Amino acid sequence: MYWNDLKLGVRRLRRSKIFTAINFLGLSLGMGCFLMLSLIVRFEYSFDDFHLNGDRIYQMVRENSWENNTEARVNTGAPLAPLLRREFASIQDTVRMTLFRGSFVNVEDRRFRENKFFFADPSLLRVFTFPLLRGDPDGALKHPFTVVLTPQTAVRLFGDQDPIHATLTYTLNGSSHDFLITGIMQDIPRNSHLDFDFVASYSSLPAMLGEAFMTRHWDSPTWTYVMLRKGASPQSIDSRLSEFSDKFVDKWSFSSVTHRLLPLEKIYFESPGPHIGRFGAIQYMRIMIVIAAFLLAIACVNAINLSTAQSVMRSKEIGVRKVIGAGKSQLIRQFLGESLGFTFLSLGGAALITGLLLPSILKSLGFQAISGRAALEPGFLAVICGTIMFVGIGSGFYPAVVLSSFHPASAIKSMRGGKGFQTRIRKTLVIFQFSISIALIIIVMLFSRQLDFLRNHAVGFSKENMIVIPIRDYGVRDRFDLLKARLARSSRVISVTAASIEPGVTDQNGIGMRWRDKEKNDMGIIYVDPDFLKVLEIPLAVGRDFSAGNIDAASSLLINQTAFKMLEENIDLEDDIELFYREGGKRIPVDHVSLIGIVEDFHFRSMSVPMQPILMRVDSSRYRYILIRISSRAVEEAISGIKQVWESMNFEQPFEFTFLSDDMRRVFRRFQSLAEIMRIGTGLAVLIACMGLFGLAAFSLLRRRKEIAIRKILGATAPGLVRKVSGEFLLLVSAANLIAWPSAYWAVNNFLQKFPYRISIDIGIFIAAATLQ
Amino acid sequence: MESNVQKIKERVMIKTKDLKKIYQTEEVETTALNNINLDIKEGEYVAIMGPSGCGKSTLLNVLGMIDQPSSGEYYFFGEEIARYSERQRANLRKSNIGFVFQSFNLIDELTVYENVELPLLYLGLSSAERKKRVSEALEQMEIMARKSHFPQQLSGGQQQRVAVARAVVAHPKLILADEPTGNLDSSHGEEVMKLMDDLHEKGTTIIMVTHSPAYAEYSHRIIHLFDGHVVSENIQKEFKI
Chain V
-2 MYWNDLKLGV RRLRRSKIFT AINFLGLSLG MGCFLMLSLI VRFEYSFDDF
48 HLNGDRIYQM VRENSWENNT EARVNTGAPL APLLRREFAS IQDTVRMTLF
98 RGSFVNVEDR RFRENKFFFA DPSLLRVFTF PLLRGDPDGA LKHPFTVVLT
148 PQTAVRLFGD QDPIHATLTY TLNGSSHDFL ITGIMQDIPR NSHLDFDFVA
198 SYSSLPAMLG EAFMTRHWDS PTWTYVMLRK GASPQSIDSR LSEFSDKFVD
248 KWSFSSVTHR LLPLEKIYFE SPGPHIGRFG AIQYMRIMIV IAAFLLAIAC
298 VNAINLSTAQ SVMRSKEIGV RKVIGAGKSQ LIRQFLGESL GFTFLSLGGA
348 ALITGLLLPS ILKSLGFQAI SGRAALEPGF LAVICGTIMF VGIGSGFYPA
398 VVLSSFHPAS AIKSMRGGKG FQTRIRKTLV IFQFSISIAL IIIVMLFSRQ
448 LDFLRNHAVG FSKENMIVIP IRDYGVRDRF DLLKARLARS SRVISVTAAS
498 IEPGVTDQNG IGMRWRDKEK NDMGIIYVDP DFLKVLEIPL AVGRDFSAGN
548 IDAASSLLIN QTAFKMLEEN IDLEDDIELF YREGGKRIPV DHVSLIGIVE
598 DFHFRSMSVP MQPILMRVDS SRYRYILIRI SSRAVEEAIS GIKQVWESMN
648 FEQPFEFTFL SDDMRRVFRR FQSLAEIMRI GTGLAVLIAC MGLFGLAAFS
698 LLRRRKEIAI RKILGATAPG LVRKVSGEFL LLVSAANLIA WPSAYWAVNN
748 FLQKFPYRIS IDIGIFIAAA TLQ
Chain W
2 MESNVQKIKE RVMIKTKDLK KIYQTEEVET TALNNINLDI KEGEYVAIMG
52 PSGCGKSTLL NVLGMIDQPS SGEYYFFGEE IARYSERQRA NLRKSNIGFV
102 FQSFNLIDEL TVYENVELPL LYLGLSSAER KKRVSEALEQ MEIMARKSHF
152 PQQLSGGQQQ RVAVARAVVA HPKLILADEP TGNLDSSHGE EVMKLMDDLH
202 EKGTTIIMVT HSPAYAEYSH RIIHLFDGHV VSENIQKEFK I
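Residue numbers (our numbering), protein chains in the order written: chain V, -2 to 770; chain W, 2 to 242.
Chain V extracted, bound-state conformation (with noise of 0.2 Å):
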């Protein structure tokens, strides 16, 4: 019985080509893109599950409060991981970790620059799944000046060389320290949130850094790590956190300062950052399970109405069966075997389509590399045997179920019962496709719109030909002067400036602020070349600028508008303002400086966060970057010039350089991917869609060609045929809009409100969108 109706299915696809072609590509492309995207978000949701400790690991997360604001960060500084155990006796051990990036690793006379040089505590290998191929776990991190490395490192770095107990120079800051290679660790998973080329011991740091970083320096790069004693309870933590930061933690300029544990399989979606290693975006994770979802109901609905459609050509088939003798579960049993064939046949496609699109798609969506292997195990070979169940039935079970109904006497005649009703619900389902395409097209160019609105509004600052070079080495800093003179007379350079921020890329620093005899105790700073006003042509509101006639920039400060009104306009130019800074809970001043002017808003952090209020003072010892607006004519020309006048200068830091307006791009790259996504997931639904469409319209006229002929024979014209026919279809369409519009709406609504700075949503690409369909 069953090789008869696998037989009889197959000769049946053969005989109905186009159809079989149209069901086939839609759900292979459907099933493919499904099955694409639960293979990311199953990587994705992987994160960190192959640590056996890994119930029992946490992140420590900061949070300062002030005034009405809270900020979470999960730079905890040194001092707290030896306090917590000491405190908490249900904290069996701790992991220090920081990460100076951008250093340099000299190995005899080559030097490379390294994102992803760790010091880590020793524990981090007893904490950790992180195996030593080479070394002893116990002793490779015990001393200072100890490292271990990946094996890609290792190779990178000495090639066929044994790099055990050879040595390597890392720099930091222009400061110079020999490391002795102790042992080789596995290479890190790719699900791994931490991600090391090396590790350095920890103990190497006092050295390094002095004595402060590891007792009274609350805010460094120092991310911390707990893991519980067995049977444990968090919550019994997490109660008496609140209580241990107010004793013990530098609360510096906030108002109070808690901590909490990040359980480990949560950090890689949801630690607030600054982040140390990889991690992911849960919200573009839900998008894609959305869009997946939609896109494999969008096929099992087309799969359904080319189904119920054909049932008028077999609806003589199926009054001859079940006059032989078919019962009506023999009958489902047919239809749902030949559903269930079909999908298993589809899935083909699909593997085909995943194959040979998801290394491509996944390097333009800037996700972590997935291995192939990833397909063939168990769990999402369990996905995709699911799949297809739930395709081959969802898809296959309703049309079963009609054909299954068809009374024999009518169904021999092809005249079928329940015309009225089937044709109902096709209507319906072709509604609900089209409805989900509509609404994903106007979701797709809202969202785009929103994009290059946040990439193209005006910053207040001229971003154009400007090339920024991060400052890695205090030699840089300290001899800016004269690079600047050098480079000014550089034929192509325009102007130089410098500061301790990327305008519209990274963040500021903190000062406290005293003033007529206010207060102010956190208030956002950037400290700048003189110049900096005039290269990136910010304008001055009320004031004048640092260069400008003042002779001791020193001792002068700028504010933004932002500033001026959240201190209630209630400050003068030439007001005297004491800076300072809290550590310890005391007040340690900085300087006494004369409020010089006003500078007009601009977007010194990126267009994802609102405005905020800025002070600016020059002080070159906090230079970080160096700015230079170069000319639009000869950009090679100028980069090559200014190349030549840093390698003059025989800094430790090689040449790099970047243009600011790709930063500022790159801050939402993420932004970027997920609309990426969207739109390759807009323009499937919709081929999908309008691939099944045109399917029902081809049945449609199959069916009623005696209809058409008489119409013909009448003196009916191919055009006015064509009118008649697609017109019915305009109308499902026409419907769809009806729901799509106010649920793009929402979405889009409710997805705007995250941003600061967003496009008002007119009517126009709802017009724009139902015209397409």
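Be a bit skeptical, because a hint or two may be false.
[What the hints assert, rightly or not] Some chain V residues flagged as far from chain W (calculated, every beta-carbon gap over 12 Å):
| id | residue |
| --- | --- |
| 1 | V7 |
| 2 | R110 |
| 3 | R123 |
| 4 | H140 |
| 5 | G316 |
| 6 | V320 |
| 7 | G322 |
| 8 | H404 |
| 9 | A408 |
| 10 | G457 |
| 11 | A694 |
| 12 | K709 |
| 13 | L718 |
| 14 | F726 |
[What the hints assert, rightly or not] Residues from chain W that keep clear of chain V, each with C-beta distances beyond 10 Å, as calculated:
| id | residue |
| --- | --- |
| 15 | N36 |
| 16 | R88 |
| 17 | E118 |
| 18 | L155 |
| 19 | P214 |
| 20 | E218 |
| 21 | H221 |
| 22 | K238 |
[Said to hold, decoys possible] Here are the in silico distance ranges between beta carbons for each label pair:
| id | chain 1 | residue 1 | chain 2 | residue 2 | range |
| --- | --- | --- | --- | --- | --- |
| 23 | V | A348 | W | F78 | 48 to 58 Å |
| 24 | V | L711 | W | E80 | 48 to 58 Å |
| 25 | V | A695 | W | G183 | 25 to 35 Å |
Please keep in mind that the hints were generated in silico from the structure rather than gathered at the bench. Values in this document were obtained by computation on a predicted structure and should not be read as measured data. We treat Cβ as the ideally placed atom computed from N, Cα and C, and that holds for glycine.
Starting from the known structure of chain V, arrange chain W on it as the hints suggest.
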């Protein structure tokens, strides 16, 4: 011996009492069968005639348990089946009744062999038994040479022979034929009628709808229908075993 013959002669296969079939749409009610009272004995050969739209095919559908009467009684071998569910009717039908249609109603995607095998699959017979019976039926209908062909590769007469083979393969007690020669030329029509005659000779009860008085003469009895009523019955030949 005589008493056994008497029993067979008297065994009524089909008995209907005031059988009615009414088709109802939103606007119109059509009475297709109106108080049909019939007795058909096992082994009889009955022809049903009448003008188009008189209810012949409807009667055949009801007798064949493809359709349910709106009211009245229908006894099949003494069992009252008028209110049987579709499942019950299907079970009774597949064991007892074979159908031959005017337009053959073969499944285009199945070969001749597979079409004939289909009723046996629904009966759940073993592979060996199915093979034996299909071969017998194909041999009987002299269509074995075409067993691997598809219906569209056969002539009308050949297709009808396949349909007859399918109808007899399950050894039914009753064959219902709805204008089996309607789509055939005279020579092929004669062929099919001869097949039906042979089946009847072997004891199969046959009820046949036909427009042709010549083909109706093959039967024992002709029942004339008009507007859903039985208007007359003619005995053609004496019914004897």
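12 Å Cβ clearance of V:L718 from chain W: Holds, because the least Cβ-Cβ distance between V:L718 and chain W comes to about 29 Å, which exceeds 12 Å.
Interface-negative label, W:E218 against chain V, beta-carbon threshold 10 Å: W:E218 clear of chain V: closest Cβ-Cβ about 28 Å, beyond 10 Å.
Report holds if the minimum CB distance from V:G316 to chain W is greater than 12 Å, and violated otherwise. 8 Å, violated
Just checking, V:A694 versus chain W, shortest CB gap more than 12 Å? 24 Å, holds
Beyond 12 Å from every chain W Cβ: check whether that's true for V:R123. 66 Å, holds
Does the claim that W:P214 lies off the interface hold, with its Cβ farther than 10 Å from every Cβ of chain V? At roughly 25 Å from the nearest Cβ of chain V, W:P214 sits farther out than 10 Å, so the non-interface label holds.
Minimum Cβ-Cβ distance from V:G457 to chain W exceeds 12 Å: 71 Å, holds
Does V:V320 clear chain W by more than 12 Å, comparing its Cβ with all Cβ atoms of that chain? 5 Å, violated
Hey, is V:A408 genuinely clear of chain W, shortest beta carbon separation above 12 Å? Label violated. Min Cβ-Cβ 10 Å, cutoff 12 Å.
Can we trust that V:R110 is non-interface, i.e. its beta-carbon lies farther than 12 Å from all of chain W? 68 Å, holds
For the pair V:A695 and W:G183, does the Cβ-Cβ distance stay inside 25 to 35 Å? 32 Å, holds
If we take the beta carbon of V:H140, is the closest beta carbon in chain W still more than 12 Å away? Holds, since 78 Å exceeds 12 Å.
Violation of the numbered hints given earlier is confined to hints 1, 5, 6, 7, 8, 9, 16 and 17; the remaining hints are satisfied by the structure.
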